Amino acid sequence: MELDLSRPILEKNDALAAENRQRLADADVFVVDLMASPGAGKTSTILATIAALRDRYRIAVIEGDIASRVDAEKVKAHGIPAVQINTGGACHLESRMVSRALDALPLGDLDLIIIENVGNLVCPTEFDLGENAKIMILSVPEGDDKPLKYPQIFAISQAVILNKYDTLPVFDFDEDAFRSAVGRLNGAAPIFTIAATKGDGVHEWAEWLAARIEASRR
Amino acid sequence: MAEVMESTLAAATDAGATRVNTIRLTIGELTGIVPDALEFAFEALSIGTIAEGGSLEITVVPARSRCLQCGEEFAHDAIDRRCPACGSFLCEVLAGDELVISGADVDVPDP
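Residue numbers (this note's numbering), protein chains in the order written: chain A, 1 to 218; chain B, 219 to 329.
What the hints contain is simulated information worked out from the structure, not anything from laboratory work. Keep in mind the model is a prediction, meaning the values are calculated, not measured. A couple of the hints might just be wrong.
Claimed, not checked - Here's a subset of chain A near chain B, in silico, CB distances under 10 Å, partners left out:
| no. | residue |
| --- | --- |
| 1 | L3 |
| 2 | L5 |
| 3 | S6 |
| 4 | I9 |
| 5 | L10 |
| 6 | N13 |
| 7 | V122 |
| 8 | E126 |
| 9 | P147 |
| 10 | A155 |
C-beta atoms are modelled at their ideal positions from N, C-alpha and C, and glycine is treated no differently.
Based on the sequences and whatever the hints tell you, model everything.
Given below as structure tokens:
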């Protein structure tokens, strides 16, 4: 006998993501999901973003990692609330994990939550967490060919951050090729070139994010 | 794949099935999902369930988009999604991003 199912595979994840989104909208909290490879500089970018925006917005961080609490400790050391999610082997965050992390945060006292997804350029693209924007970070040493190898993450991101831009002179990274590859996938996404640990270029990225936060409140 | 098994086995059990012969999935090419990896996961996850020894049937859907500027509908690959008619990047994906359990072939014993 044939069972007609026609069910989205990620039905449960999507339903819970919608709940997260409603809950965050009710609390007037803007959420960004940062996705990148391991070592691209997600945590450094988060720390630089916090430094740029903490005078204007009350910020918290949700750290997703397969194991350890290192990243959450780094963020907490800056006096910012942080919740660590250990996925226990899973290569991406899911909306259920984020829902539990939201339980642990004072949503009424926050304006912005930055989610650091697990280091991975593939799986996080498919999982809606209830965020307002997914942002992709690529670092210069990873190479300009990544939009060709991992197209979906570039296609679904609302902005692309090119980190470690200060190392451009020592790597064989063709910036024009990178920009045109991103343009073919997602011409609407701005590309921000930053050096997170030095603060270069962080202002432009942070102002773009601030404008998105303000727009969500209207 | 864990979601597929959970959802399909629940639906099969609800229908009174004692065996799942085939699970049919519809996967868009833009998702980057590799059918081989799903088949491997299916074999591993079906062990000890009523789907053990069954098969996975995957239909891959090619990508199609509609240009929001000029209205052109066009097929494209995963790495160039611009409108071929006007070059705009403001396009809406019509097909190719599916991740759907379309159905399952199951055995339901006569009452």
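Give me the numbers of the hints this structure contradicts, sorted from smallest to largest.
-> none
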